[in-house]
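Asks: For the protein sequence lines, the chains are A and B, in the order given.
Take 1 as the starting number for the first sequence in full-length UniProt numbering and just add one per residue.
Take 1 as the starting number for the second sequence in full-length UniProt numbering and just add one per residue.
These are calculated hints, taken from the structure and not from any lab test.
Computed from a predicted model, the values in this text were never measured in an experiment.
With the C-beta cut set under 10 Å, the calculated list includes, among others, these residues of chain A facing chain B:
no. : residue
1   : ASP70
2   : SER149
3   : ASN153
4   : ARG264
5   : LEU270
6   : SER272
7   : GLY352
8   : MET354
9   : LEU365
10  : THR368
Computed list of chain B residues with no C-beta within reach of chain A, every gap over 12 Å:
no. : residue
11  : GLY41
12  : ASP49
13  : SER51
14  : ASP72
15  : GLU77
16  : GLY124
17  : HIS212
18  : THR255
19  : SER256
20  : GLU261
21  : ASN268
22  : ASP280
23  : MET284
24  : LEU285
25  : GLU304
26  : ALA312
Distance ranges between label pairs, derived from CB positions:
no. : chain 1 : residue 1 : chain 2 : residue 2 : range
27  : A       : PRO188    : B       : ILE167    : 26 to 32 Å
28  : A       : GLU133    : B       : GLU27     : 48 to 54 Å
29  : B       : SER210    : A       : ARG74     : 36 to 42 Å
30  : B       : ALA186    : A       : GLN66     : 30 to 36 Å
31  : A       : ARG74     : B       : GLU27     : 44 to 50 Å
32  : B       : ARG163    : A       : PHE236    : 40 to 46 Å
Positions of the beta carbon are idealized from the N, C-alpha and C atoms, including for glycine.
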Amino acid sequence: MTTLADPHTESFRLSMLLNDTRYRSLTFQFIALVAIIAFMAFVGGNLVRNLAAAGLNISYEFLGSQAGYDINQRPIEYTSQSTHGRAALVGLLNTLIVAFLACITATIIGVIAGVLRLSNNWIVSKLMSFYVEIFRNVPVLIWILIIFSIMINTAPAPRDFRGDDPAASMWLFDTIAVTNRGVYIPKPVWGEGSLLVLGVFLASIVGIFLFRRYARKQLFDHGRLIPTFWPSVGLFFIPAILAQLVLGSPISLDYPSLQGFNFRGGITILGSLIALWFALAIYTGAFIAENVRAGILAISKGQTEAAGALGLRPNRIMSLVVLPQALRVIIPPLISQYLNITKNSSLAIAVGYMDVTGTLGGITLLQTGRAIETVLLLMLFYLTISLLISFFMNIFNERMKLQER
Amino acid sequence: MKKSVFLGALTVAGVIAGGVQAATLDEVKSRGKLNCGVTTGVPGFAEPDASGVWQGFDVAVCRAVAAAVLGDGNAVEFVPTTGKTRFTALASGEIDMLARNTTWTFSRDVDLKFEFTGVNYYDGQGFMVPKELGVASAKDLDGATVCIQTGTTTELNLADFFRSNNISYEPVPIETGAEAVQQYLAGACDVYTTDASALAAQRANFEDPSAHVLLPEIVSKEPLGPLVRHGDNEWADIVRWTLNAMITAEELGVTSVNLEELSAGSDNPEINRLLGTEGDLGAMLGLEADWAKNALGVAGNYGEVFEKNIGAATPIGLARGLNAQWTDGGLIYSPPFR
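Chain A with its partners taken away, still in its complex shape (with noise of 0.2 Å):
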């Protein structure tokens, strides 16, 4: 007769650390690990060593002293008389505005491109795939400084549009100037009572979004489809418009115009700032529109006949079953899409744009020739910047995710 004995426990001998194939792993990832941090350790205790010999020490004081140099793109206030860290900060800014303008152009455009890559039209599936493959397959420099000389060399100087029959001349009624320099358009000035209609405005978002939660309800409560398109525009434009002429015009707008050497007034878009961001936008479109048909493709076409079944129209289709479907597939590459464009920017320089590569990593180095505090500090910067749109597209992600209850 047999009987199950208990597991014989043996007692850990150190051995085991090698023969056991239950702790053989661990062993080795923990050897792995020493030997790393050893190597860590000792490669930079050797720059310090011979950062010292060199009479060199790695010191972040220059944060604090004095730029001395101009930037031409100021978020915030900045002089030459301001700080270098100021500088970096700048730069900073700028690398987010271009990150975050080029993210919504390339999403805006990846999507429209990658759904009409999927058309039933020819000429329209081909044009596309044309346009995928062309910016796919061309570096995004390349792109960038197309775009960038075609800029300065077909829109007019601003001395073009100088003289009584100048050779250039400004778009809508005289209040946008195109230039190779870049855009000029008029600034909104806020005179008393503006708080007024920006809060009309604000309060028409709102209600935007109370309207189109209250369509959906009533979606999928009733099954009434009310229109949701048109009533959100008007409510967008509307009241604020009202608001505006009721109250006298208290917003009124600042236009450019040419003083000097340049348009002043207004605000200025800068050609680099236009080159970098539509370079990006296109470029990382193209990826994104794979993206999109991947995802569309990934959706079994039962669910688009079945749409079809129940009398829906190719552009509901789209956008209420097969699109919501897709979007688990689209958005974690998408994320993807979203660090390259803002490690892209980086290019800047290129086009003389003073991102954060620009001031820190550019001049600021340069001048100080703390290369490595200020490389650190850039790998830190765009470490940040990437780890955070990570994060939340995670979240966003977390939510478009099929619900499993």
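Please build the complex by placing chain B on the supplied structure of chain A, with the hints as guidance.
Replies: Showing chain B alone in chain A's frame:
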């Protein structure tokens, strides 16, 4: 197996770390080649010619030092550096010296721990504008858009100049001189500012040079010269006195033509000391007695190098101006060889 790979890696790393940095002179001698940092290409100053051989005013300094140390002006490895990489390359020991239109400033000398060994070109920052703008002075440039090479001393001078004159400007930062010219000609900036010598050289290449004017203001001093790392004084002396040898040779009338003849001995004791037939200046530097003769044998004296690369007869067409010998009213002056 794993263990041995790891130990092997440790050994390799240890050997690399253990190699104490030898004195630059010994290192150059044992390598048999001088690593010299130059620009990525500025006409007249440092540029590879059609057959890929580096030529130019700054290149001549590299070759002279190589000849003084190794007896061969071709024993040079030219390392092209940008404005961005030049200091890192020198500080890290990738190059032994830098001869690259670099302005001698206090902070570079003191804070960045470099040693400027002299001035081989006295320059100053100027402004170029299209004639049609009708600007006569840099003080009329209020509101102008200015193209500028980023990370240079000119960038700081520009900010100072406009601030001290209480006028505003829009900077357009640009990485290389070629890009700056392209943008300037397209009208993307009103003004191009850099060292006056470079402005003159680039204007000479324009389709219509007369349509552009150089404004009278020179807003800065830009003494350009070779530099080495702090802390190796013997090496700094060698670079410094090689440049001085070229300058003294011009002053004393030693040229590539009469070099052989004079090195046999002359009745001027300073020439004899310079060329090693009298005294032991070479030994004091740790070099052969004929070190200066070798250096001068490469391209001749300072004046000859100037005329051959950037002088009035070249397309660059720079006048000697400040860079004439002190005996001709210029600033070029070498301490005596004594």
